[in-house]
Amino acid sequence: MNLKESFRIALRALNANKVRSLLTMLGVIIGVAAVILLVAIGTGVQDEVTGSIEGLGSNLIFAFPGNVEQGGGGGGGPGGSIQKQFSLDDAEMLQRRLGPDDKVVPVIQAAAIAKVGNREWRTTMAAGNEYSGEVFSADYASGRGYYRSEVSASSRVVIIGASVQKELFPNKDPLGEYMDVNGQRFRVIGTLVEQGGSLTGDQDNQIYLPITTAQRLLGTRDISIIIVKAADATQIDLIQQRIKRALKPRFGEEFSVFTQQETLGILSQLLGTLTVMLAGIAGISLLVGGIGIMNIMLVSVSERTREIGIRKAVGAKTYDIMSQFVIEAIVLSVAGGVIGITIGWLGSEALKVVVPTQVTPWAVALAFLFSAGVGVFFGVYPAYRASRLDPIEALRYE
Amino acid sequence: MSENSETTPIGARGCESRRVVLEARDVSKCYVLDEIEVHALRGLDLEVCDGEMLAIIGPSGSGKSTLMHIIGLLDRPSSGIVTVEGEEVSSMLPNQLAAVRNKRIGFVFQSFNLLARTTALANVELPLVYSGVSGAERSRRAKEALERVGLGDRLNHLPNQLSGGQQQRVAIARALVTEPSIVLADEPTGNLDTRSGMEVMSILQDLNTEHGITVVLVTHDDMVSRHAQRIVALRDGKVVREEIVEKRVIAHERRAKFDAGGEE
Ligand SMILES: Nc1ncnc2c1ncn2[C@@H]1O[C@H](COP(=O)(O)OP(=O)(O)OP(=O)(O)O)[C@@H](O)[C@H]1O
Ligand SMILES: [Mg+2]
Chain A
1 MNLKESFRIA
11 LRALNANKVR
21 SLLTMLGVII
31 GVAAVILLVA
41 IGTGVQDEVT
51 GSIEGLGSNL
61 IFAFPGNVEQ
71 GGGGGGGPGG
81 SIQKQFSLDD
91 AEMLQRRLGP
101 DDKVVPVIQA
111 AAIAKVGNRE
121 WRTTMAAGNE
131 YSGEVFSADY
141 ASGRGYYRSE
151 VSASSRVVII
161 GASVQKELFP
171 NKDPLGEYMD
181 VNGQRFRVIG
191 TLVEQGGSLT
201 GDQDNQIYLP
211 ITTAQRLLGT
221 RDISIIIVKA
231 ADATQIDLIQ
241 QRIKRALKPR
251 FGEEFSVFTQ
261 QETLGILSQL
271 LGTLTVMLAG
281 IAGISLLVGG
291 IGIMNIMLVS
301 VSERTREIGI
311 RKAVGAKTYD
321 IMSQFVIEAI
331 VLSVAGGVIG
341 ITIGWLGSEA
351 LKVVVPTQVT
361 PWAVALAFLF
371 SAGVGVFFGV
381 YPAYRASRLD
391 PIEALRYE
Chain B
1 MSENSETTPI
11 GARGCESRRV
21 VLEARDVSKC
31 YVLDEIEVHA
41 LRGLDLEVCD
51 GEMLAIIGPS
61 GSGKSTLMHI
71 IGLLDRPSSG
81 IVTVEGEEVS
91 SMLPNQLAAV
101 RNKRIGFVFQ
111 SFNLLARTTA
121 LANVELPLVY
131 SGVSGAERSR
141 RAKEALERVG
151 LGDRLNHLPN
161 QLSGGQQQRV
171 AIARALVTEP
181 SIVLADEPTG
191 NLDTRSGMEV
201 MSILQDLNTE
211 HGITVVLVTH
221 DDMVSRHAQR
231 IVALRDGKVV
241 REEIVEKRVI
251 AHERRAKFDA
261 GGEE
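Chains A and B, in that order, are what the protein sequence lines are. When the letters of the first sequence are read in order and numbered with the working numbering, they come out as residues 1 to 398. When the letters of the second sequence are read in order and numbered with the working numbering, they come out as residues 1 to 264.
Be aware that one or more of the hints could be misleading.
[As the list claims (entries may be wrong)] Computed far set for chain A versus chain B, every beta-carbon distance over 12 angstroms:
{"hint": "1", "residue": "271"}
{"hint": "2", "residue": "316"}
{"hint": "3", "residue": "331"}
[What the hints assert, rightly or not] Keeping only pairs whose Cα atoms sit at most 27 angstroms apart, straight-line, the calculated BS3-like set for lysine-lysine is:
{"hint": "4", "chain 1": "A", "residue 1": "4", "chain 2": "B", "residue 2": "143"}
{"hint": "5", "chain 1": "A", "residue 1": "248", "chain 2": "A", "residue 2": "84"}
{"hint": "6", "chain 1": "A", "residue 1": "244", "chain 2": "A", "residue 2": "103"}
{"hint": "7", "chain 1": "A", "residue 1": "248", "chain 2": "A", "residue 2": "103"}
{"hint": "8", "chain 1": "A", "residue 1": "18", "chain 2": "B", "residue 2": "103"}
{"hint": "9", "chain 1": "B", "residue 1": "103", "chain 2": "A", "residue 2": "4"}
{"hint": "10", "chain 1": "A", "residue 1": "18", "chain 2": "A", "residue 2": "4"}
{"hint": "11", "chain 1": "A", "residue 1": "244", "chain 2": "A", "residue 2": "84"}
{"hint": "12", "chain 1": "A", "residue 1": "84", "chain 2": "A", "residue 2": "103"}
To be clear, the hints were calculated from the coordinates, so they are not data collected in a lab. Since the structure is predicted, the reported quantities are computational estimates derived from the model, not experimental observations. Glycine is no exception: its CB is placed at the ideal position from the N, C-alpha and C atoms.
Kindly produce the complete structure, drawing on both the sequences and the hints.
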C-alpha cells in the first residue's frame, strides 16, 4: 500500500470521526493561539517601551532627584518623600561644568488643559530649553522649536503633537494660531510629525513649552528631571561621573544619574518579568490544550483499538495501521497548528488597538511543536500498541 | 439430530480424494485468568476439505469461536499446528498472516464488526485497500459484492442505518470481495430473526454450491447446521461427534416455503 493510499485512508477515518477530529484540533488551536497571543503582548509591550526610550534620541543621561537605589525617592516623579528638587540653577551649573558640547535640558512634565475656541482637550505638557529639539530628535511637521530668547523671556509659545493638532485644529493650519494652556494664551510655533504608539502615554498627545514658561504657569521653581545629551558616545560613563560629582555638594546622596543604557536595562528587566509571567499563563493554556487532546485520544482508544482489530482482520499490515494513524495525527496537528497560528496572529493584530503586540517566531514554534507533539504521541502511541496485538485481542478490547 | 442423517464415529472423517484446505492438528488454547487456567481447546483435530460446507455445533463455551479464530488466523493456538492450503501457519510473521487473511480467508463475525460511521461500500472496499486494489476497480468489485448479497441499493448507508440482517450481509460481502477460497462464519445468524437468517444462509449456501468456496460456519441452530454437508460437534474443547448430512436443507426452498406461510 502506498503513501497516497495511506493518506486517503487517514482522511477518510478523520472524516468519519468528525467530532473527535475537531475536538483534538481544538486542543491544538487553543494552545497555539494562546501562547502566540500572550507572548506577542509581552514582547510588544517590551519593544514599545524600550523603543520609546530609544526614540528619545541617543547618548542620553538622566538625572533624577531622590535616591532610586536606596529606595528613598522612587522613580523621578515629584514624589512626597523627595527632599530636594532640581532647579534651573542646577541645570545651568551642569551646563557650565560640562562645557558647551554636551547639551543639558531641564525637563518638566505635567498635565495640562488646552483650549481653542470652545474645544477643550486634556493633554500633557513637556517643557525644556532651546536644546530640546536637538536632544530629543524632534521631527517637525511644520514650524520650528523655541529660541533661546524665548526661553529666557518665558515667551508663551507652544509646539503641539499630532493628536493635539487633530483635536484642536481639525481643519486649519495651527501655525501662528493661538491656543489656551491652563487659561493662558499661547501662540503655536510648530507642529510635530505623528509618532504612533500608545503604551507610555500617547506621545502625540503632548504640547511643548519653554521651561521657564512652564514654571511660571505651574507656579514653581522646581524642575522634574535633567537630561544631558553627550556629544561623544564613548564619553558617556565619564560624563555620568562628572554629573554625579557636580550634583553631590548640593544633593549629597539624594539624586540618581542613569545612562540611557541603564534605564533601558532596568525597564527591560521589569518588562521581561511581565513577559515571563504571560508566558507562564500561556504555558498553562498549552497544558490545558494538551490535556484536552490527550483526553480525546485516550477516550477513543477502545474504539480505535477495535477499528484496528477490524482492519487487521481483513488484512491490514502493521505498516498500514501505523501509517494511517501517524498521518491522522500529523494532519490534525498541522491543521490545528495552522488554524491556531492564524487565530493567534490575527488576534495580536486586532489587539494592537489596545496594547502593542509583536508575534515572536520562537513562541509560534514552541507552541506548535508542543501541541503537535502531544497530538502525535497520544494519537500514535495507543495505535502502536494496538497494532501489535493479535486481531482478536484488538477486537475484544474493552 | 434428525432421522434422515446418519452418525459416523469420530476419526472416520477424511477428505478422500479432495484437498484439505484447513487443518488443525492437536490444537490447544489455554487462557490464564487470575492464575486460573481455562482450556478452551484441548488437543483438537479438524480437517476442512476443499469446497465443502461444514457446520460446527456445540454447547456454549465448548470452544467453537476459539477454534474459528484460530483457523481464521485471528488468534494463535497455545500449542498444535494449523495449516492453510498446506502451508503451516505457526512459523509465519504477523504481516504474512495478514496477507493470508486478506487473500484466502473471509471472516464473518457474529457481531458484524463493521467500521462505524463508514458506508457499506467503504466497509466492503476495506480488504481490497489492503490488497492494493485501487480506484475504480476497487469500488466496482465492492459494488458487485454488495449486489451479490442483495444490497446494491444500500451502498452509501452507514452501519447504523442498516438492519442487523443487512449489516451481516455487508459483512459477508466484505468477506467475499477478495474472492477467498475459504469463508468462515461464526454464528452468522445468531443475532438475526428467522427471515434474515434464511437470507444469510442462502447467500452462504450459494457461495458454496455455485462458486465452490469452502464454508465453515458455527451455529447453535439445528436447522442452520443442516444447510451444511457435514456437522462437527464440539464439547469441552474437543470434537466429540461428526455427522454427514444426508438431506441438506436447501436455503432457497426453505425461504420460499416460509414466505408462502408454511410452517417453520
Ligand atoms: N479471551 C478469553 N479469556 C479467557 N477465557 C476465554 C476467552 N475467550 C474464551 N474464553 C473461554 O474459552 C471457552 C471457550 O470459549 P468460546 O468463545 O470459544 O466458546 P463458544 O463455543 O464460542 O461459546 P458460545 O456458543 O457461547 O459462543 C469459554 O470457557 C470461555 O470462557
Ligand atoms: Mg462463540
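Status of each hint after checking the structure:
no. : hint          : in the structure
1   : 271           : holds, 51 angstroms
2   : 316           : violated, 5 angstroms
3   : 331           : holds, 17 angstroms
4   : A:4 - B:143   : holds, 23 angstroms
5   : A:248 - A:84  : holds, 12 angstroms
6   : A:244 - A:103 : holds, 16 angstroms
7   : A:248 - A:103 : holds, 20 angstroms
8   : A:18 - B:103  : violated, 32 angstroms
9   : B:103 - A:4   : holds, 22 angstroms
10  : A:18 - A:4    : holds, 21 angstroms
11  : A:244 - A:84  : holds, 15 angstroms
12  : A:84 - A:103  : holds, 23 angstroms
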